[in-house]
Amino acid sequence: MKRLMLGNEAIARGLYEAGCEIVSSYPGTPSTEITEFTAKYAEIDCEWAPNEKVALEVAFGASLAGHRAACAMKHVGLNVAADPLFTLSYTGINGGLIIFVADDPAMHSSQNEQDSRNYAIASKIPMFEPSDSDEARRMVHTAYEVSEKFDTPVLFRICTRAAHSQSLVSEEERILPTPVPYEKKPAKYVMMPGYAKLKHPVVEERTLKLTDYANESGINEISGTSSELGIITSGICYQYVRETFSEDEAKVLKIGMHNPLPDELLRDFCASVKRVVVVEELDAIIEKHCKSLGLDVEGRNLFSPIGEYSQQTVAKAFGKALPDAHAPETLPARPPVMCSGCPHRGLFYVISKMKLTVLGDIGCYTLGAQKPLDALDSVLCMGASVSGLHGFVKSTPGAEKKTVAVIGDSTFMHSGMTGLCNIAYNGTNSTVLILDNSITGMTGHQQNPTTGFNLRGEPAAKIDLEALCHALGINRVRVIDPYNLDECKTALTEELAADEPSVIISRRPCVLLKSVKTPPAMHVESDKCRSCRRCMGLGCPSLSFKDGKAVIDQTLCTGCGVCAQLCAFDAIKEGN
Amino acid sequence: MKSTNIMIVGVGGQGTLLASKLLGKILIGLGYDVKVSELHGMSQRGGSVTTYVKYGEKVYSPVIESGEADYIVSFEKLEAARWAHCLKTGGKLITNTQEISPMPVTSGAAEYPTDILDTLSARGVDVDAFDALTPALEAGSQKAVNIVLMGRLARHLGIDDALWLDAIKTSVAPKFVEMNLKAFEAGYNG
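So the protein sequences, as listed, match chains G and P.
If you're matching positions, the first sequence starts at 1 in my numbering and goes up one per residue.
If you're matching positions, the second sequence starts at 577 in my numbering and goes up one per residue.
Bear in mind the hints are in silico, worked out from the structure with no lab data behind them.
From the three backbone atoms N, C-alpha and C, an ideal C-beta is built for every residue, glycine too.
Hints should not be assumed to be uniformly reliable.
Here are the simulated distance ranges between beta carbons [unchecked claim]:
hint, chain 1, residue 1, chain 2, residue 2, range
1, G, 304, P, 665, 23 to 33 Å
2, P, 607, G, 304, 31 to 41 Å
3, G, 65, P, 714, 23 to 33 Å
Calculated cross-link-like contacts (lysine-lysine; reagent style BS3-like; alpha-carbon spacing at most 25 Å) [said to hold, decoys possible]:
hint, chain 1, residue 1, chain 2, residue 2
4, P, 664, G, 316
5, P, 634, G, 316
6, P, 578, G, 320
7, G, 549, G, 353
Can you build the whole structure from these sequences, using the hints too?
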């Protein structure tokens, strides 16, 4: 029987069936479940790498050794992995190699809205994109075949709505391809100028062959019978188009392979209908390509480059009637918040009160930017807090006394440590806070090199953060408990005053971890509460005001006790 | 034939995902094409969450927008108001009357609206509002709110309750089966 699977789960199924042997990834919404579901297949060796560049290089190594391999990342992760990506295009592969990249139009959980198809074009690597879960599973088979037939790594794009929608999936048996034994071939794998110059023409020739494949293989599918309206689309947008137009209302060319695009097929398709519209989220890549071929297509005149589309976006663009509905109400918003008992909260409260300038980073603690904590000044990309702090402090005399970087344990391992190395080497008196909650939190609790466990939860080598910081050239390294506000304040005051760089490790496990046992909820003795609202400055979802007095939600509170430390009237007590 | 569209909305952490999983399982068993759309990541951290379940002969888009939902099941009252515009003319809104204050309300920057149900009724929305928290607590845990609400949805959908009971038995850990069956019955018969 068919099963309901997320797009990401179906990709994992495809990897299993196609005989993939190694997956190395770094978590990032909406790509994370690809690797988590793959790890459920004992036959596939799965790991969390410290970052996407490492992940892709691990997958390259396995491919070089002759095995089918893969790595998965979110769109911004591909920026990190771009260095190996471009040259892998030249070396090609031995065992099939797929790089999964999950784009996040509308930025449900991301810092930008970049379109990864640009990487496929720039690196001259073929890129596939499915429109539902079963297609994703089948496309993994195709992607490996193309990788091996054309001697190329393959990019495999999926967008949030396809990655996180479940649809019905058929299943096939796993077939393990015969490993291709590794042979030493310097002209293929040693990319120094002499050899690389010989490879570039091969890459260009490969693109021509892939264009033939794109035209003829059926990877780009035509459906529908209209001779009036033709729509060129791909991925999840295909579903929006088909929800809006029946087969006789629109002929649809669904692009399954973004790079290279099928020139001949595009020409034939455009010649077969009176009007052609391209429906593609984010960048106008297909539209511009069609125009470069001299084809008369529409697209950006009707659709925005911003955000996600939907069936109603499509209907509206074509002037179709929308269903009757009243306007959405104006209501208090419900933004995501730091959880009750989140260890980051106490530290951020102190930082906020000390009015420090804070270069932030990517993780749950990014939520510290929200009111009332309002504690972050910048968030750019993974690791940028540490390197950015160095630049800020170096350029601005006196800034070292009131500026810090905050970065999580996993993000520090990803790309914070090189920045710290730079602080020691190029000498700024910077203060870096590593928020060590013993897990990768925001993406849903993945292990990392500092947690002592691997992806499958088995014991693994545990990086000693204190020793690592010392080794990177930092003498002053201290550990604090973020639930203790006085300790936070003392540490910050002393380290900011110190005349050398320092690292403060704020250590307490994420309160949502199953291993964390929490004390009973706190409570307010109403008669002692003077309604000063000082505790409300924490932005804790357990705390609110009722009838002029603070109250603590007994179902949400985890008893962290940070609010009790703030109360000047001793009104907040432990236990019930 | 158009699909039947169900929106399950609530606050991150209330168990909307499990509810949609259960529903999806039953609908496949009935031979429908099914799509379930959910969001992961940052929005789960206590934010407003929506899950879409669509079924029919053939389902294309996994998302549900303004004026398209046959049913909205809301786990929290303010969320019912937030998503009610997605209801089709003649659609049905099932909501828990439990109130969970969002951060702008807890921090005092906004008031929790007091007239939600009246406003919805005044708009002519067909609302089935009831307290799902009390029966969940009686069944054993506030976490069973999702199953109480699925029980109520099952009554409206007219799907044989035996199918639901089977799905619960095969979807939740053995030690929680009894609690969830009780919660389902409370929603279905309550």
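25 Å limit on alpha-carbon distance, applied to hinted pair residue 664/P and residue 316/G: It holds: about 18 Å lies between the C-alpha atoms, which stays within 25 Å.
Mind checking the alpha carbons of residue 549/G and residue 353/G for me, to see if they're no more than 25 Å apart? Holds: residue 549/G and residue 353/G sit about 23 Å apart, inside 25 Å.
Using the Cβ atoms, figure out if residue 65/G sits within 23 to 33 Å of residue 714/P. With Cβ atoms ~59 Å apart, the hint is violated.
Could you grab the alpha-carbon distance between residue 634/P and residue 316/G and see if it respects the 25 Å cut-off? holds (23 Å)
Does the Cβ distance between residue 304/G and residue 665/P fall inside 23 to 33 Å? holds (28 Å)
Run the distance test for residue 578/P versus residue 320/G: straight-line Cα separation, threshold 25 Å. Holds, because 16 Å separates the two Cα atoms, which is no more than 25 Å.
Residue 607/P paired with residue 304/G, Cβ distance criterion 31 to 41 Å: Hint holds: Cβ distance 39 Å, inside 31 to 41 Å.
Hint compliance for this structure: hint 3 alone is broken.
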